[in-house]
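Sequence order for the protein chains is V and D.
Everything in the first sequence is counted per UniProt numbering, starting at 1 for the first residue and increasing by one.
Everything in the second sequence is counted per UniProt numbering, starting at 1 for the first residue and increasing by one.
I should point out that these hints are in silico values taken from the structure, not numbers from a laboratory.
Be a bit skeptical, because a hint or two may be false.
[Said to hold, decoys possible] For each label pair, taking beta carbons as the anchor points, the in silico distance ranges come out as:
1) Ala19/D x Thr265/V: 47 to 55 Å
2) Asp79/D x Val435/V: 36 to 44 Å
3) Gly69/D x Ala220/V: 38 to 46 Å
4) Asp41/D x Thr396/V: 47 to 55 Å
We put the beta carbon where it would ideally sit given N, CA and C, even for glycine.
The lines below spell out each chain.
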Amino acid sequence: MSSAPAISQPAANQTDPDALRLEVALVGAPNCGKTALFNAMTGATQKVGNYSGVTVERKVGIATTAAGRKFSVIDLPGTHSLRARSPDEEVTRDVLLGQRPGERVPDMILAVADATNLRGALRLVGELKKVGLPIVLILNMIDIARHRGLQIDHEALSDDLGIPVVTATAVRRGGLDALWECVDPMLEAGVEPARKSTWQAPSSHDLRVAMREAERLVNAHVIRPPEPDTVSAKIDRVVLNPVAGPLILLAILFTMFQAVFSWATPFMDAIDAAFTELGVLVSDVIPEGLIQSFLVDGVIAGIGSIIVFLPQILFTFFFILLLEDFGYMARAAFLMDRIMGKAGLNGRAFIPLLSSFACAIPGIMAARVIDNKRDRLTTILVAPLMTCSARIPVYTLIIAAFVPNTKVAGLSLQGLVMFGLYGAGVLSVLVVAFVARYLFSREERNAPLMLDLPDYKLPRARNILLGLYQRAKVFLRRAGTVIFWAMVIIWALSTFPTAPEGATDPAINYSFAAMIGKFIAPVLAPLGFNWQISVALVPGMAAREVAVAGLATVYAVSGDGGLINTIAGQWSLATALSLLAWYIFAPQCISTLAVIRREAGSAKWMWVALIYMFALAYLASLLTYQIAVALGAG
Amino acid sequence: MMASPEKIEAAVSALPLGACRRGFRGTLVSVSPVATQGGFDPEELERRLLELGFIEGASVHILHEGPFGRDPIAVRVNDTTVALRRHEAMAILAE
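With the hints as extra help, turn the sequences into a complete structure.
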């Protein structure tokens, strides 16, 4: 235990949160503004990683008090109680109780409560007091509470609880003043050593007692406004209306799609142009040969083909964060629960699956919000079936080559086919989830949906921007590591052995990729795939859209226009349809598989995903091709 | 306070919340999961319901029903709103 003031630390360690002597843990329910508070306390000093052995995000940072004292802050996963009902909540319990190997025991707890909804937080504080660490209770979002006419006598509450209670507004300048005023003298005097923990998992009887105590505290120290907030109730009357509700949800989804697919385009074009330009620059500087090919075709083109999706991912997350901050996501889960439930999924799976429209990787990561283990696993395994943005280049190419640009009932036929492909993705998610449930856990009951419908709040720009920044960082770091190496390997496969002297065919035709492609071509022949397609599918394992570049290389044509004409001339309609069917299901993305492995906690589930998706892809393509041929499209 | 026959009638008239329609207002009489409830074991279901605020004496009001099959339901419990499925709400008796 640290009894010396934290100010006396050696200067060398002051940039690493884990090296500071005093560690304070932030504990609170999800949605209590804990992350906003953490951001306000630590700013740019945050270090984001994982707890060893689990995929729970570990966030630490350095806080500097008004008097200049520094201490390390760990933002523990949001929890309603220490009973640990999900992997995230287990981490919080284990860290606090000192049961997590490799993790230090915090010296102090800052319990964070949403001031507009104190009852649950006060019950959690009751549990936290038993842990034996010094506690300060922070009534966060006090501005919203005051605005709603709630009056909280925090001094009386502090006397009653026997712990310091301060008010805070994480998102306002000076909103932490009261916290620093309370914490500075505590640090000056030295934080009290921990007492022995007396915490035990509460029984239902204990919970009743705890709830009644929380109720008593609220009644004693909180004066509610004579007229309760009715804005949320009014919004809900419209948004949860059985008829208007689903229509509004549909309208929101539609707007989101528009944003992701049209607003993001200029940014994507710019990124694409920048990487092409960079490739040209490097080609000018470095002489033609293996090194140039590695840098231009392997590294720059490879990284570029991933980063080009950043705008779409950011737009998707912008909407998700906005809706989450506003409080709408819980309503969406409410509206969709019945439909998702029919397929054996939880209403909460709606959010991860929605994110998967941008990219399955953030979607799979977002599945952490699902507390039921089986539901979470199912969601992870079906998320890659949602039509992610990497399929768009493949779909666009084939549609442009084979679907006439005409209008049907005033709608673009090409657009309709695209929409149909999206529909096929959603349908396959529901069907696969349903079948999985039927096969593996028929006798198990549906995991219950139980969630708070919080009062609506105006989203805060700062929160959303920070959220976007963190998502971008995670995505780019991945593009820089896993995907980079996958690209390097696939470049090597497509480059070596190099073409012999005087070769007439494109160089890729002499490479390992071509050997693999020609080797698997007989297996893919019943699907109507020629050997060129089979070869392009090999580099396409890196990421779906790479197959387009692969095809261009194999056919030795440049530019989309050339490729469209070539495949329109060489493939039958049946082959084109078969390849579309293949791309609805095939797990052609190494990074998604890597994330499944990480998030599902074992390689086994990665193999399950790989095998079931390839099997479905093969079956779907086979049926599509054979039926199309039988109907005369061969 | 009042005559006991009325009390008996109140106990008899308690309804499982899961069987009530939108607009139902009442007071929570008991949270007592039946052993056949699925998903969680009954004890865990009881604890979760308690944590959400479903405690004896709380006022309950069904605000909304899901658009498909009137499931799940959104319930105002004292001054918070909670969504849950009818299946779990059968464990809650209200009058």
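We went through each hint and held it up to the structure:
Distance hint check: the CB atoms of Ala19/D and Thr265/V are about 51 Å apart, consistent with the given range 47 to 55 Å. Between Asp79/D and Val435/V the beta carbon distance is about 43 Å. The supplied range of 36 to 44 Å therefore holds. For Gly69/D paired with Ala220/V, a C-beta distance near 42 Å keeps the hint of 38 to 46 Å intact. Remark: the range hint 47 to 55 Å for Asp41/D to Thr396/V is upheld by a beta-carbon distance near 51 Å.
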